[in-house]
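Peer 1: If you read the sequences in order, they're chains A and B.
Using the numbering used here, read the first sequence as starting at 657 and increasing by one per residue.
Using the numbering used here, read the second sequence as starting at 14 and increasing by one per residue.
Among the hints, a few may not be true.
One-sided and incomplete, this derived list gives chain B residues near chain A with beta-carbon spacing under 7 angstroms [as the list claims (entries may be wrong)]:
1. Val44
2. Thr45
3. Thr48
4. Lys56
5. Tyr57
6. Ser60
Hints in this document: simulated from the structure, not taken from any laboratory.
Fair warning: this is a prediction, and the values are worked out from it, not measured in the lab.
Virtual Cβ for every residue (Gly too), placed ideally from N, Cα, C.
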Amino acid sequence: MSFREKIHWVALAGLVAAFGWYFLSYPWEIANSRAGMYAAVWMLLPVTIIFLVPMIAGTTYFAIRTPKEANLQEDEREKTIHLRGTHVAYYPLVLGIWANIFALINGLNYGWSVNILMATLVAAELVRVGAQLYFYRRGY
Amino acid sequence: MAPTPFTNEIKTLRFLAGEMTQGDLGDKVGVTRQTIAAIEQGKYSPSLEVAFRIAHVFGKPLDEVFRWTNGIA
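Construct all of the structure, not just a fragment, from the sequences and the given hints.
Peer 2: What follows is the structure, given as structure tokens:
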């Protein structure tokens with residue numbers, strides 16, 4: 657498994673842990689209020705920590721174990737995998753934006769809006785990282 | 014996933030070149046060991062540039078390293 661693939665696995669685990677905690681802990685009963693919006697914004701602080709700590713630890717660990725691979729630039733296959741993953745992630749991003757427009761029109765504001773956008777971003781990231789891992793596993 | 018429409022002799026050529034590893038070839042060509050493995054297994058079609066670089070490492074013309082097998086489409 658290449659250095660970049662390992663980092664993708666760490667990112668996937670970090671995403672699931674950080675945003676899994678976020679969406680399970682969010683006070684949904686106040687979502688449609690200004691307080692719900694502030695709650696979402698404040699919860700981003702622990703989310704960032706939960707996501708970044710394993711990312712930094714994982715990257716450091718794998719970079720120490722395989723320093724040669726860590727210093728390599730992306731080659732053409734990895735660049736293609738990168739681009740294809742980003743392309744696939746565009747679709748959930750568009751769907752999420754439309755969902756947010758629909759929610760706003762129907763009176764779901766504040767925390768709902770922030771959370772739909774956050775869920776959109778998380779879904780797009782999960783699809784991107786998941787697709788890239790799939791392409792890495794498949795060889796291309 | 015459809016296999017590439019050509020075969021390659023990279024594994025044999027590596028062996029004949031003093032049992033060169035995939036990592037060594039990758040270093041010479043400028044790609045990762047995993048990319049060389051994917052090319053060898055017919056899972057990834059390299060760019061023309063990488064194909065030429067691989068052939069150059071072994072001192073062979075391109076068509077002795079990669080062979081088209083699917084007819085001309």
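Peer 1: Checked against the structure, which of the hints given earlier come out wrong?
Peer 2: none
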